Amino acid sequence: MASLIVVSGPNEGDYYPLRTRTIVIGRDEGCPVQIVEGMASRRHLQIRNESGKYIANDMKSTNGTFINGRELKTEVDLVDEDEITIGSSKLVFSAKDFPDRESAFNHWKQRGQRGKPTLMP
1 MASLIVVSGP
11 NEGDYYPLRT
21 RTIVIGRDEG
31 CPVQIVEGMA
41 SRRHLQIRNE
51 SGKYIANDMK
61 STNGTFINGR
71 ELKTEVDLVD
81 EDEITIGSSK
91 LVFSAKDFPD
101 RESAFNHWKQ
111 RGQRGKPTLM
121 P
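If you count the sequence shown from 1, position 114 lands on 114 in this note's numbering, and the numbers rise without skipping.
A few of these clues could be false.
So the derived label-pair ranges between C-beta atoms look like this [as the list claims (entries may be wrong)]:
#1 Lys-96 x Pro-32: 16 to 22 Å
#2 Gly-13 x Val-79: 33 to 39 Å
#3 Gln-110 x Asp-28: 30 to 36 Å
#4 Gly-69 x Lys-109: 17 to 23 Å
PhoX-like mimics (lysine-lysine), calculated; alpha carbons at most 25 Å apart, straight line [stated by the list, open to error]:
#5 Lys-96 x Lys-53
#6 Lys-90 x Lys-60
#7 Lys-96 x Lys-109
#8 Lys-60 x Lys-73
#9 Lys-53 x Lys-73
#10 Lys-90 x Lys-53
#11 Lys-90 x Lys-109
Everything labelled a hint here was simulated from the structure, so no lab data went into it.
Treat the numbers as computed from the prediction; the structure is a model and nothing was measured.
Ideal placement from N, C-alpha and C gives every residue a C-beta, glycine not left out.
Please model the complete structure; the sequences and the hints are all you need to start from.
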């Protein structure tokens with residue numbers, strides 16, 4: 001299974017296991033993943049599971065959705081560690097499922113350390 005980790009923005013630290021259902025991300029209270037900020041549309045982004053692949057689709061949001069810095073124009077298959085940006089919020093898609101919020105966020109923090117250079121003495 002896969003999951004989403006909110007790594008920046010008003011909902012920083014939130015964790016959502018995706019399982020096999022279709023989810024909608026947005027500002028609306030009825031969205032399974034709610035992003036509480038003005039740049040998010042009420043129903044901003046849909047992620048659905050098709051035969052084990054997770055597919056992202058922008059729901060005609062006003063301010064757009066960005067995956068790894070590129071605007072989402074058509075449906076796209078998500079891969080491990082994709083970064084999804086909605087307004088000032090950043091979510092990371094992980095192909096892994098975690099037992100709880102804390103272990104998911106720790107995984108992301110460790111992942112972030114891999115991209116940093118090591119200083120040589």
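Taking the hints in turn, this is what the structure says about them:
For Lys-96 and Pro-32, the hinted distance range of 16 to 22 Å is satisfied, since their beta carbons lie about 19 Å from each other. For Gly-13 paired with Val-79, a C-beta distance near 23 Å fails the hint of 33 to 39 Å. Taking 30 to 36 Å as the suggested C-beta distance range, the pair Gln-110 and Asp-28 conforms, at roughly 33 Å. One distance hint, 17 to 23 Å for the beta-carbon pair Gly-69 and Lys-109, holds here, with the actual separation near 21 Å.
Distance check on the hinted pair: Lys-96 and Lys-53 sit about 13 Å apart at the alpha-carbon level, within 25 Å; holds. Distance check on the hinted pair: Lys-90 and Lys-60 sit about 19 Å apart at the alpha-carbon level, within 25 Å; holds. Our distance criterion of 25 Å between C-alpha atoms is met by Lys-96 and Lys-109, whose separation comes to about 15 Å. The hinted pair formed by Lys-60 and Lys-73 meets the criterion: a straight-line CA distance of about 9 Å does not exceed 25 Å.
Among the hinted pairs, Lys-53 with Lys-73 is consistent with the structure: their alpha-carbon atoms are about 19 Å apart, no more than 25 Å. Proposed proximity of Lys-90 and Lys-53 is supported: the alpha carbons are some 21 Å apart, at most 25 Å. A C-alpha spacing of about 14 Å is found between Lys-90 and Lys-109, which places the hinted pair at or below 25 Å, so the restraint holds.
This entry does not satisfy hint 2, going by the numbered hints stated previously; all others are met.
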